[in-house]
Amino acid sequence: MSSTFQNFQQAKSQPSSYQGIALVCPVSVGYAKQSEKGAAYFIGRSLGEMIQQAGIHKDDVDGLAISSFSLGPDSVISLCQHFDISPRFLEQLPFGGASGVIAMRRAARAVQMGDADIVACIGGDTNQAGSFADLIADFSTFTRDASYPYGAGGPNAAFALITQHYMEQYGATREDFGRIAIAQRYNANHYPTALLGHKTLSMDDYLNARPIAGPVHMFDCVMPCAGGEGFLMMSVERAKFLGLPYVSILAADELHHAHRDDPVQYRAGWTLYANKLYQQANIGPDDIDMLQTYDDYPVISMMQMEDLGFCAKGEAKQFVRETALTFDGNNLGYSSGNNCLPHNTSGGQLSVGQAGSAAGFLGLVESIRQLLGQAEKNQVQDARHAMVSGYGMINYDRGLCSSAAILASTTSDTAGGQ
Amino acid sequence: MADSKQMPVTKKRPPAKRTNLGAQLKPFAEQGELRLQQCSSCQQFSYPPREVCGHCLSGDLSWQVCPAEGQVLARVDLHNSFEPFYAEQLPWVLLSIKLDAGPVVYAHSASHAGLENSGSEVEALEIESIANSGDRVELSLQLDEAEAPVFVAEPLK
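Heads up: the protein sequence lines correspond to chains Z and P, in order.
The first sequence begins at -6 in the working numbering and counts up by one.
The second sequence begins at 198 in the working numbering and counts up by one.
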């Protein structure tokens, strides 16, 4: 490699500003433990609810950015005929838990560049009897050859190995993971859509739960379900014209299969762009009013707390011991001190349910709702900035995708980005 | 598991589905040879099975004998499985191993691979004697009950 090229690489370009982009009309639709309906129902009803909220016609939506595991054999183009629409911008994002922020990034550029005026960003999946088992049995070529034949535990097995390694490396305990799960359940108790929101969760419940794989027990695992999550993206001018309150993107980035020489995953791509996110947003971790992590397992939320700069690597155990993670700052008796960082304010996947790819939109849609002041009983007071991160796609022994964004309410002083 | 005491246990087989590339390990498993894909350009071993070299993207990969020693990265006991074969024999031990040759592999534990004595109850003592994180192990390639190729790890003395 020539030194000229190396210099050029070191000057790797940065994502330009997301100024002028408005996120509007967050919806969470149709949550059910199982459903006979197909994925197109959850995607189509999300679109239907969004245009109703926006007061626009479906033909005003000229872009679709869709994520779904269970849409096959259909794809986003099939949905055009199903919904009878004629978009000029299509994206399908098979990135699981990272797909929400990635859809947002793609759609924002399309709107900025004039490839679309209004993009519907939607994650939607159904959950039929046996469909989760089918999904994990054939998730990727690597899982088919190299992980599924070794106990057929699906993601639980891979994450059990990651969790075991993390606990041995950093001294995190099951109680620490429990602090995350219990705070999220409290949040879900205040969010009616959450499928487990009608049940409370105590530390005893958490610790005495059925073992699943190694240190992973029942309340460390998400419940697969059906549902849809979505929002509309358009220019600020258009949002103002339509009289729609909106949320701004201060910074967003993604990086995939980073740290690929780590034998076991204990960090992901966030470490390589978190600082740049804060620089572009012109704020720091202390200015973040809520954190929405991708919580397929609590250990992954801990990695995000560390890699996104809320604490040092390996220190998330201490962070959750000292920080109230509930939407209203209630420490539930599980944390000391006065620190508070509302985390997964709707209950996260652990308590809402994991609606396939919609789970990759859960934290993003919840953040938009919170920053618009449209959350109900779980509203975070005076929320101005949200950090949302995504993670996903266990192709073999680790999650490959990482994405993250800092969003701002438009009443905040930094609204609109740099 | 209470049901299994009342009903005759059906002899299930482990999941045998492999990709075309993954199935190519079968004859080596029959011969008891540990082989992984090696690149003729950069000499690196790759795993899981793939179409091009994961280091230099050469398409010239062939199955070559691979050094069998490695270190356990993590060990967990599975208490839940979506496959009846494993579900009948829980807890099932799963090891992830960093081979000295480079790749990370998932493997069964030799004392608990369900290969010679499958269907038998697993003794708690047996579980305890299995390799743990940090332990050195030797990997072998064997056929499981479905005659599919699997890796099995045994602690080095």
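Just so you know, not all the hints are guaranteed correct.
[Unchecked claim] Cross-link-like lysine-lysine pairs, in silico, DSS-like; alpha carbons within 30 Å at most:
no., chain 1, residue 1, chain 2, residue 2
1, Z, K306, Z, K26
2, P, K214, Z, K26
3, P, K214, P, K295
4, Z, K306, P, K295
5, Z, K51, Z, K233
6, Z, K192, Z, K26
Quick caveat, the hints were computed from the structure, so don't treat them as lab data.
ask   = Which numbered hints are broken by the structure, listed smallest first?
value = When the structure is compared with the hints, only number 1 turns out to be violated.
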